[in-house]
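Trainee: Numbering (the working numbering), first residue to last: 19 to 225.
For the record, the hints were derived by calculation from the structure and aren't laboratory data.
Glycine included, every Cβ here is placed at the ideal spot set by N, Cα and C.
Some hints could be false.
[What the hints assert, rightly or not] Using 16 Å as the maximum straight-line C-alpha spacing, the simulated EDC-like pairs for lysine to aspartate or glutamate come out as follows:
| no. | residue 1 | residue 2 |
| --- | --- | --- |
| 1 | Lys23 | Glu119 |
| 2 | Lys46 | Glu71 |
| 3 | Lys23 | Asp161 |
| 4 | Lys23 | Asp84 |
| 5 | Lys23 | Asp73 |
| 6 | Lys42 | Glu71 |
| 7 | Lys42 | Asp73 |
| 8 | Lys42 | Asp84 |
| 9 | Lys23 | Glu96 |
| 10 | Lys23 | Asp140 |
| 11 | Lys23 | Asp209 |
| 12 | Lys46 | Asp63 |
[As the list claims (entries may be wrong)] Computed Cβ-Cβ distance ranges for the label pairs, DEER-style:
| no. | residue 1 | residue 2 | range |
| --- | --- | --- | --- |
| 13 | Lys23 | Gly157 | 19 to 29 Å |
| 14 | Val171 | Ser54 | 50 to 60 Å |
| 15 | Leu168 | Pro37 | 10 to 20 Å |
| 16 | Asp63 | Asp84 | 14 to 24 Å |
| 17 | Gly110 | Arg77 | 13 to 23 Å |
| 18 | Asp31 | Leu105 | 18 to 28 Å |
| 19 | Val201 | Asp84 | 51 to 61 Å |
| 20 | Ala45 | Arg122 | 22 to 32 Å |
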Amino acid sequence: MKHLKVGSLMTADVVSAVPATPFKEVAKLLAERDISGVPVVDEDDHVLGVVSESDLLARHEPATRDLMTTPAVTVHAEETVADAARLMVRRGVERLPVVDEEERLVGIVTRRDLLCVYLRPDSEIRRRIREDVLTDVLGLAGDAVDVHVLDGVVTLGGRVRRRSQALTLVGLAERVDGVVAVVDQLSFHEDDSYLTASARTPHHISW
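Put together the whole structure using the sequences plus the hints.
Mentor: Given below as structure tokens:
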């Protein structure tokens, strides 16, 4: 399946600071660029930490090295938007510095950037389910089941061969970028319920 990558949403023209950057200069950067935080990098552009508005308000240290939050929580450009969103929620951060394969800063992504995924048109979500899920992953015809999408809510209808296939389809549809929820109205010819409970649960399917 194809998923949006962090690199496609990140801001590449990222503002950064170095450990020796003075307090007032960081505050000026945040105000002038209308941003809420900046990554702190070393001479090789490796991310050392992040300085946010909260850090500035809490302390008045002379240099950035004394203000920044460490260790830095970063994300790679090739990771999926969904993984980045989960990381933000888990670590309680509003932004993630984006790094390349050598851990060098290449951009930054914010919660607002990730929310753009949920503005994906219904027609595009429907196309991705038919092409990526039904055809590419499950090897079915794109019209093998009925796929209706309204405001990001997907309704799947029709009949497939096996129960496990229906559950897999629902689980994969839930993971398509832009999907808010999936309504399962599928039926099946064969109940292959000999599968273990974990295998039948779409949330435990690894793709």
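Trainee: It remains to establish, for every hint, whether it holds in the given structure.
Mentor: Hint check:
1. Lys23 to Glu119: Holds: Lys23 and Glu119 sit about 14 Å apart, inside 16 Å.
2. Lys46 to Glu71: Status holds; Cα separation ~11 Å.
3. Lys23 to Asp161: violated, 27 Å
4. Lys23 to Asp84: It is violated: about 33 Å lies between the C-alpha atoms, which goes past 16 Å.
5. Lys23 to Asp73: violated, 29 Å
6. Lys42 to Glu71: Distance ~12 Å between Lys42 and Glu71 Cα, so the pair holds.
7. Lys42 to Asp73: holds, 13 Å
8. Lys42 to Asp84: Judged against 16 Å, a Cα distance of about 13 Å means the pair holds.
9. Lys23 to Glu96: The given pair, whose Cα atoms are some 6 Å apart, holds under the 16 Å limit.
10. Lys23 to Asp140: violated, 19 Å
11. Lys23 to Asp209: violated, 36 Å
12. Lys46 to Asp63: Distance ~21 Å between Lys46 and Asp63 Cα, so the pair is violated.
13. Lys23 to Gly157: 19 to 29 Å: holds, 25 Å
14. Val171 to Ser54: 50 to 60 Å: violated, 32 Å
15. Leu168 to Pro37: 10 to 20 Å: Violated, at about 51 Å.
16. Asp63 to Asp84: 14 to 24 Å: Because 21 Å falls inside the window, the suggested range holds.
17. Gly110 to Arg77: 13 to 23 Å: 19 Å Cβ-Cβ, so the 13 to 23 Å window holds.
18. Asp31 to Leu105: 18 to 28 Å: holds, 22 Å
19. Val201 to Asp84: 51 to 61 Å: At 52 Å between Cβs, range holds.
20. Ala45 to Arg122: 22 to 32 Å: Because 26 Å falls inside the window, the suggested range holds.
The structure fails hints 3, 4, 5, 10, 11, 12, 14 and 15 (numbered hints given earlier, in ascending order).
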